[in-house]
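Same order as they appear, the protein sequences are chains A and R. Counting in the UniProt record's numbering, the first sequence runs from 1 upward without gaps. Counting in the UniProt record's numbering, the second sequence runs from 1 upward without gaps.
These are computed hints drawn from the structure, not numbers from a lab. Note that the coordinates shown come from a computational prediction; the quantities given were computed from them, not determined experimentally. Treat the hints with care, as some may be off.
You can't tell identical chains apart in this list, so a pair holds if it fits in one copy or across any two.
Claimed, not checked - In silico lysine-lysine, DSSO-like type, Cα no more than 27 Å apart, as pairs:
(1) LYS166 x LYS36
(2) LYS166 x LYS35
(3) LYS105 x LYS166
(4) LYS166 x LYS37
(5) LYS105 x LYS37
Here are the chains, one letter per residue:
Number of protein chains: 2
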Amino acid sequence: MASGGPEIEQLIQLLARLPGLGPRSARRAVLQLVKKKEQLMIPLSAALDRAVEAVRSCEVCGNIDTMSPCSICADPRRNDSGMLIVVEDVADLWALERAGVGAVKYHVLGGVLSPLDGVGPEDISIEALLGRAHEFREIVLAVNATVEGQTTAHYITDRLAGSGAKVTRLAHGVPVGGELDYLDEGTLSQALRARTEI
Amino acid sequence: MASGGPEIEQLIQLLARLPGLGPRSARRAVLQLVKKKEQLMIPLSAALDRAVEAVRSCEVCGNIDTMSPCSICADPRRNDSGMLIVVEDVADLWALERAGVGAVKYHVLGGVLSPLDGVGPEDISIEALLGRAHEFREIVLAVNATVEGQTTAHYITDRLAGSGAKVTRLAHGVPVGGELDYLDEGTLSQALRARTEI
């Protein structure tokens, strides 16, 4: 029911397609936008215009940036570590950057192998990864600890055999600040096996 | 940490100010936008541009629309009922329209009286309401059932005395589909007192 005319209705429908927003919260968001037209709606409109103009995928690693190669790939200080972190998604890359993991480079697969969903090796960025693997001393497979993620990690490990790079994965264990009581048994037993001396 | 350049970072910060979105979900929303540039980001950018251009507040009732007086105030079929529904917010007006309450008109207060927050009668649209009250036979105070809402309803009822219009409020009771067990005592006792014959 369009109480605010087609422009408003269309804005609600588009915002409702963002993750985390449904029809109801999109409606509240649009009301907020209209109420704060000067402080919020006009700046957001301008920011979107600029982003549409500027944002592109990095042709080397798959990161999202305003330049290609992206600012991470183009950063010469990141060449020294010789470490390439392979992630499923740009969101994972950003999460690692926020964690301040250091002067590393990344490779975004853009998905995981999933035979059931018809996602094969040619559907994600594996060939590009194999093509640049020789530039690195260590390749960290930071894929999610899901069945598909682990399948993908196994497949990549096989394909990287003979590349000369050491292939590693993230440690499993108790999250910092996490309570043991709420952890699954798999994580707990892995955390015990990988215990370290204090 | 700006992993995607200043354009992306600014977009995240603006989206994070929408109700229902925080920094984390704003980041996910921006990633979704960038991934679906053609299907989502460009249409959303265009829809926002159009809305910035077109959207205004109705000078009569305070509704948000692309014309003023708004399509509801301008609708001649809504003159017959003689009913004016007073709401706190445009969201409430939209909710009532979605509920299909019929050919009524609205008045958006744009807030409620709240002495603690320094919101007095001159800060919300009460004078405008008094100015148009004589056009209606019945004025329904559909303000929220909060302390501030009820204070506002009392104040408006006092000011409307002598206007000739009947002043009513929404019924309290059990929400349709609601379970008694989860209802507060106040609602339950009001629902019992206002019981109707089957």
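So, going through the hints one by one against the coordinates:
no.: 1; hint: LYS166 x LYS36; result: neither (53 Å within a copy, 35 Å between copies)
no.: 2; hint: LYS166 x LYS35; result: neither (55 Å within a copy, 31 Å between copies)
no.: 3; hint: LYS105 x LYS166; result: within (15 Å within a copy, 71 Å between copies)
no.: 4; hint: LYS166 x LYS37; result: neither (53 Å within a copy, 36 Å between copies)
no.: 5; hint: LYS105 x LYS37; result: between (40 Å within a copy, 25 Å between copies)
In this structure, the earlier hints numbered 1, 2, 4 are contradicted, and the remaining ones agree with it.
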